[in-house]
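Fit chain to chain and form the complex, with the hints in mind.
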Amino acid sequence: MSPAEQAALQERIALAKAGNAEAWGELYREYAPAIFRFCRRAMPTREDAEDATMDIFIKVRQKLSQYDATRSFSAWLYAVAANHCWDLLRRRKLRQNLETGDVENMPLEHPDPGQLEKLVEHRTSQEVRRALDKLPARSRMALVLRYYSDMSYDDIAETLGVRRTFVGVVLLRARHQLREILEGQRSASLAAGGAA
Amino acid sequence: MIHFDEMACLLYLEGQLDPARSRELAAHVEECASCRDLLHALQHETIFLSSALTEDNEPMPARLIAGQTRSLPYWVWTLAFGAFAAGAYWFWIDGIGPWLDQLSNAGFGGTDMFSMILFSGAFWEGWSDMIDAMQIGALILLAIVAIAWIRRRLRRSVAVAVVMSALLFALALPQGASAADVRRGRAVLIPAGEVVHNDLIVAGPSVKIDGTVEGDLIAFTRNLTVTGHVTGDVIAFAGEIVIDGIVDGNVRVFSRSAVLQGNVGKNVTAFGNSVDLVSRANVGGGMIVFAAEAELDGKMQRDLLGMIGRTDLDGVIGGQAWLRGGNLTVGSTAEIRGPAMFEGPQQPVVESGAKLASPIQIEITQDVRRNRRSTARVVFRAIFSYVAALLVGILLLVIFPGFFRAVLRETAAIGLSIGVGSLALLCGIFLVIAGVLLLIFGAGAGVAGVLAYAPILYVAQVFVGAWLGNKIMGEPQAVTNAVIGRMAVGLLILHIARLIPVFGGLVGLATLLWGTGAVLLGFYRMSRVESAPSAPLAV
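Each protein sequence line maps, in turn, to chains A and B. Heads up, the first sequence is in my numbering, so the first residue is 1 and it goes up one at a time. Heads up, the second sequence is in my numbering, so the first residue is 1 and it goes up one at a time.
Treat the hints as calculated values from the structure; they're not laboratory data. For glycine and all other residues, C-beta sits at the position ideal for the given N, C-alpha and C. Keep in mind that the hints are not guaranteed to be accurate.
[Stated by the list, open to error] Ranges of calculated distance between the beta carbons of each label pair, as one might list FRET restraints:
id	chain 1	residue 1	chain 2	residue 2	range
1	A	A18	B	R377	48 to 58 angstroms
2	A	T165	B	Q43	17 to 27 angstroms
3	A	N83	B	G474	53 to 63 angstroms
4	B	N57	A	Q115	24 to 34 angstroms
5	A	P3	B	S51	20 to 30 angstroms
[As the list claims (entries may be wrong)] Footprint (simulated), chain B over chain A, 3 or more residues, beta carbon under 8 angstroms:
id	segment
6	37-45
7	59-65
Looking at chain B on its own, in the form it has when it is part of the complex (with noise of 0.2 angstroms):
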């Protein structure tokens, strides 16, 4: 007797054999018990099978009997949509706009001012207040809308590889560095007569330049000494810095002190302790400088913009003066041609015999004044911090509920948390300089690099608030406005906890390191999670 094998019988229950074959089987069966037990076997595993999975075994979360889209209400729409809005009117009042005036009127434009930006972006005092946890806040929801915007319409291979291409764009939107001759040593120098044709990129704790460089020269040193020419630009990180030859580009250092003495084609951007253009210097464009101290007494063709704790002038400026800081001298010998204005807490001193073309437009800066509005300042700077936080961190619940339950769980793990958040710290000081030094390379990279970690570390405190607030007030069930409201609770103790002087430091430490540590883990554990499709059911 030929029997039917399983593949037979299963079709045959599951109504998918042709008939003839059917009835065949149905035949066979009548006759052959080992077939029959088969068929009986399959059938009663199928009835088996389908009981296991249909069985209603566990509830409907919460959020999904609440809500029936995912669609979140009109009032937290308006409100992310205002605060963003907020933020970036008040990033660009406060940030952009007056940078732009200023520049404007320094006569600096075009892609020399964007690089102007980056380049000083990092020392600009205004930084602390753009750096408002609204503006901040608005970004972060800004970003976290376009990533969930991208998680529905990109597959995830696609989105790595834009990301990936991206940050390699990034990478080679510069004049490439590896084009460039690289010269290390104790002392390196470039002796008179010699002439390197490209730009040169130099390390060692000495530095002279006496020949000539076809290119840009890039400098990290103790101590440069230009003397011979460079047709490019100098960008230098050096202790000291003397600038005696001639340079046909523009000059952007970063040093304790810097002396120019020489030519110098186009613009200077200089960073320091003590920046001094000596009477011989010229400058063909114009100077921005960021010194404690700074002696002014070469010439420059356009505008002096600077943030400066005392200066002297005694040089020629060719177009307009915008200074900020403690003191200003103008010598005898000075001369502004175009408008001037300072901002400081003291009058300026102008010696009789300085040329101006109009008085110089003055600003005190009232101590008294400035107190009371930092004191309102730092109260609605708390204020909106702990909104924007806030909101932050319900966007965060709604949109990626697995992602903020799974890093909720590791911000249990006080210990490893406050670990790992360490260690990510260490490694985010390095990512900060190794932007900062990528901004000679690249400035989209290195400004990019140093974004990226900012979201981790700013809603580190939404974390640790949800955790206190557990803490405080019980686990919730899986109830959204619960969550809610104990993150709330949670993070307003922190917020109130800041403010305490010294205290706060610490609180606000202990969050950063916890909250990182744990935004870490969670995505460590989310990606096992997504590559371990045998991890048991929590049943």
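Okay, chain A solo, but in the shape it has when bound (with noise of 0.2 angstroms):
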């Protein structure tokens, strides 16, 4: 973002935060698409992502005034939608056992780069975002918070509720875990094609 736009949304920002609905309304046509598909990636349905997008709306226009502005407006957005969405899930208690313990535990298989690669190429954006859906809900948002919103490890650490170093674990397992899913679906479409 040039000086110039970053001065123009500061200068937005403080409009909202005086009370500007039009200004308000500027910056939530600006950034509601983005939070909507983050939502949409974080949350298990659509209708839990059209819910969570209003609320997390609701919950930034009710906290600009907390807004430091001398952090990335976008990053504070998206830290607020991190620990919405994070906070609805746990209360489901979407966690599941793969999470716990156990699996943390469990250890990981080195990977083949030839067959890494090779399902790289085979699989589409489609077919992994079907995956992530698969996943329990903390592997999902850690790779929704880091491939998505671009989140530091200190700011995972800190929605999800871990020690920094573990960020990279909790990360390489749900990397693993994605892989599984997308190998038991290539392995079925496969089967599926040999059948036919």
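The structure is reproduced here in structure tokens:
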């Protein structure tokens, strides 16, 4: 973002803080699509994502006075969104056994780079998104925070309530889980093709 | 050569490895093809992941584009508040106010009055006025707003805990029935000389109390005869009741015929076909009677409040009398020591010799005027009912869009919804009966149980209306206004259809079964979605 754009954004934020509905509307129009997409990736259903987006913007409007202008607005927005979604998921107890102790101690198989390249080549974005939806909530949230929101390890650790040093482990395990699901889909589609 | 593991490679790519180790890894991959390949594969995977996640694959929903906040337009809140205020005012003026006045005039107050309202509530004529769609609508509006408020502020577990605690509290409010002495049998007899040092609950075809009950007597029977002494209250559901002994407390009876010929220390509340207060009977307090016919030859120290088809009064009323019904005959031996009021279609007959503190205030209800009033009332009620239902539907759609859509989807499965609705209605009838019975053990629990079911029955029409509107005007895209328009059309058709005699009743019943089933299925599906994180995305 250029300095001029940054200044314009800060001005809009200041106006919105002061209660200017038009400035708030502009902020909303600019950021709502990205936040909706974030919620769509993080939450299990489209309805949940819509509700969460609405709630996040209500929260953001209420908390706008707490926003520190020295920080990136979009990073702050994602932090609010991430906390809201994670809180919702936590409350729903979507975290399952896969996320707890046993799995955390499970050794990870060293990947074959060739196989991994093949997997990346043959899978579509849509298949990845579907596979993402089958992940346990914490793994999914970790991937979304890192690879959608580009959130720092510190922020991810704070949002998920884990130690910073553990974030890499969570991400790596999430990627392994995702690969397993994609491999399963691939085997299933190959089997179906063979049967046909 | 020592290779770097996948974790180190990932941290390196993510810029999370410390500088010394980063340099080490960079130098290593220059020479090691295996680690270089892994690093490249991970890098490709990262790019692939980022691109799959950030891809703009579906448009923003219309309601998110339209609204920057969830707040409703001001006119909806104004209308909702107006509807609520009107409903509350109406409820008070038509429902509670007259009751309080009458009870106050009759000299009843405090907890006694509260219990009488609850006991008499289920049989009170005024319910037909009170259960007005507008009032229910207004109350449901309040409930929806309250639920939305709770949903926002409380964690689900806390909310559930609060509700469960409230229910338990409601159940625990009355005195524990478990402490009572319970007796069952074909003929339950407490013989003369036997003393029950506790509350007594009896059930069986025939119950006779010749002895003493030091507490309350609660009876479910065909024939109840009390010739002994009950130091507490008598609460009875029976075919025929004869109270010939002494009751120190209140008598609350629901029976086809009730004959009171003994002494009652406090008040009498009687519902039934016939109520007979024989000449030697004496009631220490007042009487509330709802009956087809009543012969009141005995004496009551305080007031009489009655909705009675035919009343023969030959006894003594120590206070005021307020009667509403078909006929009133005040015999020559009758005495009313306070003001008296009668409301009915005919002039009361007052025989000479009757002692009245003042002439009976009479209000004759005119049939013609009544008919005109009732026609206007039907039209107004239909309009209000439609507006209230639409308003509730709009609020449901705006505040709980996910739930609305889930239920609407279920409404399309007509057979299944009607099946579930029928089953639920059977359970509902059971619930109502249980609720009325619970009045004995805990009024709060009974009322809460019945009230919890009422909103589901009420919102049934909203979903059937929305489904009907969709069928007529076509499925809308996810645009709230279009959904509201279709719901308005569907509800209008339903409400007009309900005005047609017989057919309207059938439409109402079908709507109730269908919509209730859909709502319950919607709840079920929503709960399944929440507990199934691996449900595939509808991309």
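field: Hint numbers contradicted by this structure
entry: 3 and 7
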